[in-house]
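Protein chains: 10
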Amino acid sequence: MLFKVEMTVKLPVDMPQEIADDVKRREKAYSQELQSAGKWRHLWRIAGSYANVSIFDVESNAELHDILFALPLYPYMDIRVDALCRHPSSIHNDDK
Amino acid sequence: MLFKVEMTVKLPVDMPQEIADDVKRREKAYSQELQSAGKWRHLWRIAGSYANVSIFDVESNAELHDILFALPLYPYMDIRVDALCRHPSSIHNDDK
Amino acid sequence: MLFKVEMTVKLPVDMPQEIADDVKRREKAYSQELQSAGKWRHLWRIAGSYANVSIFDVESNAELHDILFALPLYPYMDIRVDALCRHPSSIHNDDK
Amino acid sequence: MLFKVEMTVKLPVDMPQEIADDVKRREKAYSQELQSAGKWRHLWRIAGSYANVSIFDVESNAELHDILFALPLYPYMDIRVDALCRHPSSIHNDDK
Amino acid sequence: MLFKVEMTVKLPVDMPQEIADDVKRREKAYSQELQSAGKWRHLWRIAGSYANVSIFDVESNAELHDILFALPLYPYMDIRVDALCRHPSSIHNDDK
Amino acid sequence: MLFKVEMTVKLPVDMPQEIADDVKRREKAYSQELQSAGKWRHLWRIAGSYANVSIFDVESNAELHDILFALPLYPYMDIRVDALCRHPSSIHNDDK
Amino acid sequence: MLFKVEMTVKLPVDMPQEIADDVKRREKAYSQELQSAGKWRHLWRIAGSYANVSIFDVESNAELHDILFALPLYPYMDIRVDALCRHPSSIHNDDK
Amino acid sequence: MLFKVEMTVKLPVDMPQEIADDVKRREKAYSQELQSAGKWRHLWRIAGSYANVSIFDVESNAELHDILFALPLYPYMDIRVDALCRHPSSIHNDDK
Amino acid sequence: MLFKVEMTVKLPVDMPQEIADDVKRREKAYSQELQSAGKWRHLWRIAGSYANVSIFDVESNAELHDILFALPLYPYMDIRVDALCRHPSSIHNDDK
Amino acid sequence: MLFKVEMTVKLPVDMPQEIADDVKRREKAYSQELQSAGKWRHLWRIAGSYANVSIFDVESNAELHDILFALPLYPYMDIRVDALCRHPSSIHNDDK
Chain H
1 MLFKVEMTVK
11 LPVDMPQEIA
21 DDVKRREKAY
31 SQELQSAGKW
41 RHLWRIAGSY
51 ANVSIFDVES
61 NAELHDILFA
71 LPLYPYMDIR
81 VDALCRHPSS
91 IHNDDK
Chain C
1 MLFKVEMTVK
11 LPVDMPQEIA
21 DDVKRREKAY
31 SQELQSAGKW
41 RHLWRIAGSY
51 ANVSIFDVES
61 NAELHDILFA
71 LPLYPYMDIR
81 VDALCRHPSS
91 IHNDDK
Chain P
1 MLFKVEMTVK
11 LPVDMPQEIA
21 DDVKRREKAY
31 SQELQSAGKW
41 RHLWRIAGSY
51 ANVSIFDVES
61 NAELHDILFA
71 LPLYPYMDIR
81 VDALCRHPSS
91 IHNDDK
Chain L
1 MLFKVEMTVK
11 LPVDMPQEIA
21 DDVKRREKAY
31 SQELQSAGKW
41 RHLWRIAGSY
51 ANVSIFDVES
61 NAELHDILFA
71 LPLYPYMDIR
81 VDALCRHPSS
91 IHNDDK
Chain A
1 MLFKVEMTVK
11 LPVDMPQEIA
21 DDVKRREKAY
31 SQELQSAGKW
41 RHLWRIAGSY
51 ANVSIFDVES
61 NAELHDILFA
71 LPLYPYMDIR
81 VDALCRHPSS
91 IHNDDK
Chain R
1 MLFKVEMTVK
11 LPVDMPQEIA
21 DDVKRREKAY
31 SQELQSAGKW
41 RHLWRIAGSY
51 ANVSIFDVES
61 NAELHDILFA
71 LPLYPYMDIR
81 VDALCRHPSS
91 IHNDDK
Chain W
1 MLFKVEMTVK
11 LPVDMPQEIA
21 DDVKRREKAY
31 SQELQSAGKW
41 RHLWRIAGSY
51 ANVSIFDVES
61 NAELHDILFA
71 LPLYPYMDIR
81 VDALCRHPSS
91 IHNDDK
Chain F
1 MLFKVEMTVK
11 LPVDMPQEIA
21 DDVKRREKAY
31 SQELQSAGKW
41 RHLWRIAGSY
51 ANVSIFDVES
61 NAELHDILFA
71 LPLYPYMDIR
81 VDALCRHPSS
91 IHNDDK
Chain B
1 MLFKVEMTVK
11 LPVDMPQEIA
21 DDVKRREKAY
31 SQELQSAGKW
41 RHLWRIAGSY
51 ANVSIFDVES
61 NAELHDILFA
71 LPLYPYMDIR
81 VDALCRHPSS
91 IHNDDK
Chain X
1 MLFKVEMTVK
11 LPVDMPQEIA
21 DDVKRREKAY
31 SQELQSAGKW
41 RHLWRIAGSY
51 ANVSIFDVES
61 NAELHDILFA
71 LPLYPYMDIR
81 VDALCRHPSS
91 IHNDDK
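Chains as they are written, first to last, in UniProt numbering: chain H, 1 to 96; chain C, 1 to 96; chain P, 1 to 96; chain L, 1 to 96; chain A, 1 to 96; chain R, 1 to 96; chain W, 1 to 96; chain F, 1 to 96; chain B, 1 to 96; chain X, 1 to 96.
Quick caveat, the hints were computed from the structure, so don't treat them as lab data.
A virtual CB, placed ideally from N, CA and C, is assigned to each residue, including glycine.
Possibly wrong hints are sitting among the right ones.
[Claimed, not checked] Not everything, but these chain C residues come out facing chain H in the computed CB check (under 7 Å): (1) Gln32; (2) Trp44; (3) Arg80; (4) Asp82; (5) Cys85; (6) Ser90; (7) Ile91.
[Unchecked claim] Restricting the straight-line Cα-Cα distance to at most 30 Å, the calculated cross-link-like pairs of lysine-lysine (DSSO-like) are: (8) P:Lys4 x C:Lys4; (9) W:Lys4 x X:Lys10; (10) F:Lys28 x W:Lys10; (11) R:Lys4 x R:Lys39; (12) B:Lys24 x B:Lys10.
[To be verified] Facing chain B, according to a computed beta carbon distance under 10 Å, are these residues of chain X, among others: (13) Leu2; (14) Gln17; (15) Ala20; (16) Lys28; (17) Ser36; (18) Tyr74; (19) Tyr76; (20) Asp78; (21) Ile79; (22) Asp82; (23) Leu84; (24) Arg86; (25) Pro88; (26) Ile91; (27) His92.
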């Protein structure tokens, strides 16, 4: 089941650089693990923004929630979730 | 180059059924042609809405505009465009 | 899997009474069928509005979409969907 | 009498962990007590958000207010209240 | 129990004058009946707008809904409802 | 002359308790004095919010402004003002 | 007593020209009469919009309402009203 | 050339009183100088808000910008600018 | 003096094709005349929208207003105007 | 390929002056370098705001993103990006 999730990050401007680097490093590792597992199907940067558009492929709402709630950058994010489903005109087999 | 485009359709409630069916038929054909050509890379339905989230892969802003402006359902749409680019954490080779 | 769906209805003010009554009658039958089947788990009226708050219990986003898209009043509705999941503090066994 | 209440929590990012844990622990105890008493009828998590959708069953607006104002997390919450009532199409006996 | 209700009226500009006068006449009679009964406790015009701010004194959400849904001007209204309760600083005995 | 004023209070979460108690005490005294003088005609709590809906009865805009600007909680408030006047359907003699 | 009133006009695009001209002619006469009487103290056009910013000098909210409600273009207007009062830094004697 | 400028001031709640008084004193002197020079044509307080509505009479956009950017309170302001011009119905000779 | 003007066009969906073509033809001629005269300095299409971003170079607010009010498509437009001025970092001589 | 980018800057009010001057100096140098290279085609100040409207001429979304993300003032900015393309009525050869 697919979900579109848009994440906008706003780090405190007075956050020490090494703390920022650390949380970004953990975020990258966490997201790449999920991408490899096929959970985090697509991850794009919105040009000009510290924000991304992602497509998640999960078994349930609960699984989606647990994945997002564990994002290292979660406390600094505004998140918007849209449930997706197959479009009747789609020719992509796996765009369920 | 990738763009996220969200299209929300609002057909006039008094539109005759055969006219609605015709414009939807032309819209489906047009979109499947572009999907086959690789221009319309992803097309998902937002659950509960007469709206879609699409990812277009085009050479320029102008090409994107021409594609969207020629949508048969265009006059009945609200459209939002976001320019995308590769996310530094993405492991997907072709998510340029 | 649970979804919160808020539906606000805006019928054209010049809609003939008998047509309005008919679509409402079909809407009521359709919703009561789904309530009996356990799909439409809760249905409340928002006081003062021609709107409802509903909780749907479905297997997937797609099933939710198909249910909503088939609502007789759908063309006259603004719909907002929120994916729900179990709250860590909930004591209700079936509030999955 | 039923009310829908949506609560979105935003804890200060620099709140010490033990203080955060304490206020969450008190919040959980408080909410479970009310759930057991039948006042807090439903409590769901909105997938992806530090927010919940709740249905309260109270005798009056005043009782609702007192319950909400005493939430340990109240100072960190945005709250939206909608008065609900029975929907003419509802088949659920106790969805008054 | 008190509720604040703000009603903004938007009549179709092409509504025949006699129909407009009739619905307004029925609205006035209906509201004055409720005011006399003590249900419609306050009714003020917002200066410059075809809108009012009203305070209703009812036994339940359901009663409020039934009163509002029966307003002759209802189909032409945007309505916002806020549940009120006694303010701890109020010295007015009956501002329950 | 009547004005509707909606006041939403947002105290800094790190405000020391005794300072908060003091400013609330002064606010209560100030508002009860104005209520007794008939200037602050109605004061209701919006259920679930640290906010109130008030009706002021003053001689001019300037008098309203001076009253509001002197509220001890003013620096922590979002305020919305609507000028009111008698509604043609009102039966309340003093709802000028 | 001064009020700022912003009026945005949206005439139906299918309104016959002679009807539009007539209502504009009556609007102009009505406004110039009020300007001469000193009630409509300032009237400016917002560049690029079919909208104006006006300053009214009236005795009460009720007088303002009656003036605005009688505008020939009223049914085609969105109106926003702000109560004004003398600014402590103003050097203009009559900017009460 | 006239511009409407609305300025809303939000001073930090923890700003020391003497610093606040100083910046307000400089703001008042600066604005009265411009009022005397005829640049700051009108200055009204919005009743209930720490905000003003002003009309500036300047030779160009650049002059307006320089005036506003030099406001002592500028860093604490939200500013909205609307270009104005003579209204065809205005009878005021100098409301250019 | 420069102004940024964003124009979004919404033609009635039931407008006869020949009328739409005529008003677009007149709009194009009008805009190209102004572009040649140097008044309409830049005109770009917002990709995906029936909207443009334009930069006008005029002597006054009034001139801008007269130009915009005379646009053949004006009745079908939402227009937003922002006054511009030279940026202190600009190296472009004529970006006054 | 052209993009419109609107940047609004909000520096922390308690930022030491020398740090603010330094970041502004680096911002100016960075932007003038890009202007000289033809990437930053236009840069205008929005009158009254600490904001600019810019037109960028880049090869791709990615190049735009990298340019913006490297702005020294980026952490203090709200940024809005709109993809532009040639308008069918434009007579400017290089307004591609």
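Each hint, compared with the structure:
1. Of the supplied interface hints, the one on C:Gln32 holds, with its beta-carbon coming within about 5 Å of a beta-carbon of chain H, less than 7 Å.
2. Of the supplied interface hints, the one on C:Trp44 holds, with its beta-carbon coming within about 4 Å of a beta-carbon of chain H, less than 7 Å.
3. Interface restraint check for C:Arg80: the shortest CB-CB distance to chain H comes to about 11 Å, outside 7 Å, so the restraint is violated.
4. A distance limit of 7 Å between C-beta atoms decides the matter here; for C:Asp82 the minimum to chain H is near 5 Å, and the interface restraint holds.
5. Residue-level restraint check for C:Cys85 holds (minimum Cβ-Cβ distance to chain H is 5 Å; threshold 7 Å).
6. Checking C:Ser90 against chain H by beta carbon gives a least distance of about 5 Å; that is within 7 Å, so the hint holds.
7. The closest approach between the C-beta of C:Ile91 and any C-beta of chain H is roughly 5 Å, which is under the 7 Å cut-off, so the hint is satisfied.
8. At roughly 26 Å between alpha-carbon atoms, P:Lys4 and C:Lys4 fall within 30 Å of each other, so this suggested pair holds.
9. Distance restraint check for W:Lys4 and X:Lys10: the Cα-Cα separation of roughly 29 Å lies within the 30 Å cut-off, and the hinted pair is therefore satisfied.
10. The hinted pair formed by F:Lys28 and W:Lys10 fails the criterion: a straight-line CA distance of about 39 Å is larger than 30 Å.
11. A hinted pair counts as satisfied when its Cα atoms are at most 30 Å apart, and R:Lys4 with R:Lys39 qualifies at roughly 12 Å.
12. A distance of roughly 12 Å separates the Cα atoms of B:Lys24 and B:Lys10; the hinted pair therefore holds under the 30 Å criterion.
13. For X:Leu2, the shortest C-beta to C-beta distance to chain B is roughly 6 Å, which falls under 10 Å, so the interface hint holds.
14. Taken as an interface hint, X:Gln17 does not check out: its beta carbon lies about 17 Å from the nearest beta carbon of chain B, beyond 10 Å.
15. The restraint placing X:Ala20 at the interface with chain B is violated, with a minimum CB-CB distance near 14 Å, outside the 10 Å limit.
16. Taking 10 Å as the C-beta contact cut-off toward chain B, the hint placing X:Lys28 at the interface holds, the least distance being around 4 Å.
17. A least Cβ separation of about 6 Å between X:Ser36 and chain B falls short of the 10 Å threshold, and the interface hint therefore holds.
18. The closest approach between the C-beta of X:Tyr74 and any C-beta of chain B is roughly 15 Å, which is over the 10 Å cut-off, so the hint fails.
19. Against a cut-off of 10 Å between C-beta atoms, the interface hint on X:Tyr76 is violated, since the closest Cβ of chain B lies about 16 Å away.
20. The beta carbon of X:Asp78 is not positioned within 10 Å of any beta carbon in chain B (closest approach about 15 Å), and the interface hint is therefore violated.
21. Annotation: interface hint on X:Ile79 violated; nearest CB of chain B at approximately 16 Å, more than 10 Å.
22. Taking 10 Å as the C-beta cut-off, the interface hint given for X:Asp82 holds, the closest approach to chain B being about 5 Å.
23. For X:Leu84, the interface hint holds, the least distance from its beta-carbon to any beta-carbon of chain B being 4 Å, beneath 10 Å.
24. The restraint placing X:Arg86 at the interface with chain B holds, with a minimum CB-CB distance near 7 Å, inside the 10 Å limit.
25. Annotation: X:Pro88 was flagged as interfacial toward chain B, and the flag holds, the nearest CB pair being 7 Å apart, inside 10 Å.
26. Restraint check, X:Ile91 versus chain B: the minimum CB separation of about 5 Å is within 10 Å; hint holds.
27. Against a cut-off of 10 Å between C-beta atoms, the interface hint on X:His92 holds, since the closest Cβ of chain B lies about 7 Å away.
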